[in-house]
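Chemist: Each chain is listed here by its residues.
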Amino acid sequence: MSKEEIVEEEEIIIRNYRTSDYEATLEILQQLHDKYDIGLEEDKWKKSSGLRQFKPNLKRITLIAELKETGEVVGMGMVEAVKNTLGQYIGYLDNWAVKKDYIGKQVGKILAERAVQILSSWGCDSIRINIGYGASDKLIKVFQKAGFNPILTVLEKKLEKDN
Amino acid sequence: MKNPLEEFEELCYVYVLYFDEEKGHIPLIMFPNEDLKEDKSFMRPIKYHPIWFLEMEESEALDHIDLEYKGFTFFGKKFLAKSKREKRRAGLEEETPETIIIIISLPNDLDIFGDELIRQITELIRKKYEEQLYEVIECEIAREEVIKTPKIKQCIKEGQQTKDKIREDIRNTCKQFFSSVITETDSTSIRKQKAISFLSLKGIDVSHIMGDSSFSNIKLFDPTKKAKGEISFKKPLEIMDIHIVEDSNELEILVNNNTDEKFENISVKITHVKEFFEKEIMNQTVEEWYPKEELLFISPIIPHIDEYLFFLVEEENNEKLLSKKIDIELLRKEKV
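Here the protein sequences come in this chain order: A and B.
FYI, my numbering numbers position 40 of the first sequence as 40, with every residue one higher than the one before it.
FYI, my numbering numbers position 181 of the second sequence as 344, with every residue one higher than the one before it.
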């Protein structure tokens, strides 16, 4: 398959993360960090980080997009459902990243569609995506097309840790 | 040298008891030796074992209760069995089930084997003899009768036959269990290494572990070698790692589905005990758990609470697939 072409849904397998995906996912996250400085701390992304996780009031799954033909991991995304104080589950799409050569080829879209299905089956009332402050209008429009509208502006203060 | 499997009979004691409303704790079967039944000091840890004081529901939740006494660990489990005995307390009927207690004792150095051994023995007795245990109870009661009519004699005879069968099955289970334990060629678990060393110090021939007849050639501590069959009695769900994340003060428990089957609706519970009350920190359902899939369960660590209980229960039949007591202090020490 030529890397210029759009990846069709039939050409891709969306599956759960396995520990054998660790290297590939780290590489994708590193690429994303190099481009957008997402604050990746490599030692925090462990082999077990992408496994399905269960925490009080939280469920998380990491989806992997794998090319059927070559088995290459070309995208990843974390899907999270968090129970709020009202007992409603809010879905989050996190650490969404596609391998450099596959950006713009609809891999992210295929992943997102599966994520929406999963979050809906988990009983989520809504789904949120955090994007960087000052993100381009173009990017926001892409999300709006998929039904995601801006509702919050999050302000953050970094705290220095005591040594 | 003695047959190592026979030696285990000297290390491991199995007690099957029931609770009589009038007479208290009555031993039905003691394996390997019934002669010590009347020895008060020998029976003291059995009589005062905490398993007697636990409600059935609590006992189910905790899987089993341990008591450490004079260098031995006593593992206790409780369940109900069919009864036809006329009860000696108002409000109890003939059909009111009997409370059966199973206790096994092992030297402290072998306590790592206790969880699995008591599980196997309890499973054996429940599956095979739950409907027949009342015969052994009736037999024990009949023995006390001064005048033994032919009917009483028959009752004793039948009870004794069941008892002999149970004893034989306990013997076989223990033999099988310990032989599977000592065929492990190596284990990276220090506790297991310690337990196997203890067996060798007791003079039990474990030289076949290395396939060498010379005792001195045993390489018990060889962490570079991977175990051939890590655990001979591989559990369907197995804890692969327990890890404390100091930054977030969380406990991470990594569990693998060892089977080729998908589990459905598994309830995950993490609890701790505070001032005698069990408090739930986590209670979630894993709707689908795929074959060979590892799942990560994360629980907050509560300040000043060091002991947690982790359970995986199949919701459909309430069967406990895994339970583990987690000691935070011990984990931190092991890490250092």
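Keep in mind that a hint or two might mislead.
Unchecked claim - Mimicking DSSO-like on lysine-lysine, the simulated pairs with C-alpha atoms at most 30 Å apart in a straight line are:
id : chain 1 : residue 1 : chain 2 : residue 2
1  : B       : Lys320    : A       : Lys55
2  : B       : Lys186    : B       : Lys338
3  : A       : Lys55     : B       : Lys442
4  : A       : Lys47     : B       : Lys483
5  : B       : Lys425    : A       : Lys47
6  : A       : Lys44     : B       : Lys186
7  : A       : Lys55     : B       : Lys432
8  : B       : Lys398    : A       : Lys55
9  : B       : Lys483    : A       : Lys83
10 : B       : Lys291    : A       : Lys46
11 : B       : Lys496    : A       : Lys47
12 : B       : Lys291    : A       : Lys44
13 : A       : Lys109    : B       : Lys425
14 : A       : Lys44     : B       : Lys488
15 : B       : Lys455    : A       : Lys47
16 : A       : Lys46     : B       : Lys425
17 : A       : Lys55     : B       : Lys425
18 : A       : Lys47     : B       : Lys398
19 : B       : Lys496    : A       : Lys46
20 : B       : Lys291    : A       : Lys83
21 : B       : Lys483    : A       : Lys68
22 : B       : Lys488    : A       : Lys47
23 : B       : Lys488    : A       : Lys55
24 : A       : Lys47     : B       : Lys487
25 : A       : Lys46     : B       : Lys455
26 : B       : Lys398    : B       : Lys316
27 : A       : Lys83     : B       : Lys442
28 : B       : Lys338    : A       : Lys83
29 : A       : Lys83     : B       : Lys496
30 : A       : Lys55     : B       : Lys455
31 : A       : Lys44     : B       : Lys247
32 : A       : Lys46     : B       : Lys186
33 : B       : Lys483    : B       : Lys247
34 : A       : Lys46     : B       : Lys247
35 : B       : Lys496    : A       : Lys44
Hints in this document: simulated from the structure, not taken from any laboratory.
Chemist: Quickly compare the C-alpha distance for Lys44 (chain A) and Lys488 (chain B) to 30 Å and report which way the hint goes.
Modeler: This hinted pair holds, its Cα atoms lying about 27 Å apart.
Chemist: Does Lys83 (chain A) sit within 30 Å of Lys338 (chain B), going by the straight-line distance between their CA atoms?
Modeler: 50 Å, violated
Chemist: Just to be careful, I want the Cα atoms of Lys55 (chain A) and Lys455 (chain B) compared with a cutoff of 30 Å; is the pair within it?
Modeler: The given pair, whose Cα atoms are some 21 Å apart, holds under the 30 Å limit.
Chemist: With a cut-off of 30 Å on the C-alpha distance, tell me whether Lys291 (chain B) and Lys46 (chain A) pass.
Modeler: Given that 30 Å is the threshold and the Cα spacing comes to 46 Å, the pair is violated.
Chemist: For Lys109 (chain A) and Lys425 (chain B), compute the direct alpha-carbon distance and say whether it is at most 30 Å.
Modeler: 29 Å, holds
Chemist: Given the proposed pairing of Lys47 (chain A) with Lys398 (chain B), does the C-alpha separation stay at or below 30 Å?
Modeler: 23 Å, holds
Chemist: So if I understand the rule, the pair passes when the alpha-carbon distance is 30 Å or less; does Lys186 (chain B) with Lys338 (chain B) pass?
Modeler: Not OK: Lys186 (chain B) and Lys338 (chain B) at ~33 Å, beyond 30 Å, violated.
Chemist: Taking only the CA atoms, is the gap from Lys483 (chain B) to Lys83 (chain A) under or equal to 30 Å?
Modeler: 27 Å, holds
Chemist: Measure nothing beyond the straight line between the CA atoms of Lys425 (chain B) and Lys47 (chain A); if it is 30 Å or shorter, mark the hint as holding.
Modeler: Holds: Lys425 (chain B) and Lys47 (chain A) sit about 23 Å apart, inside 30 Å.
Chemist: Given the hint that Lys46 (chain A) pairs with Lys425 (chain B), does the C-alpha gap stay at or below 30 Å?
Modeler: Answer holds: Lys46 (chain A) to Lys425 (chain B) is near 25 Å, not above 30 Å.
Chemist: Within 30 Å, alpha carbon to alpha carbon, are Lys320 (chain B) and Lys55 (chain A)?
Modeler: Violated: Lys320 (chain B) and Lys55 (chain A) sit about 56 Å apart, past 30 Å.
Chemist: Are Lys83 (chain A) and Lys496 (chain B) close enough, with their CA atoms no more than 30 Å apart?
Modeler: Given that 30 Å is the threshold and the Cα spacing comes to 34 Å, the pair is violated.
The structure does not agree with the numbered hints 1, 2, 6, 10, 12, 20, 21, 26, 28, 29, 31, 32, 34 stated previously, though it agrees with the rest.
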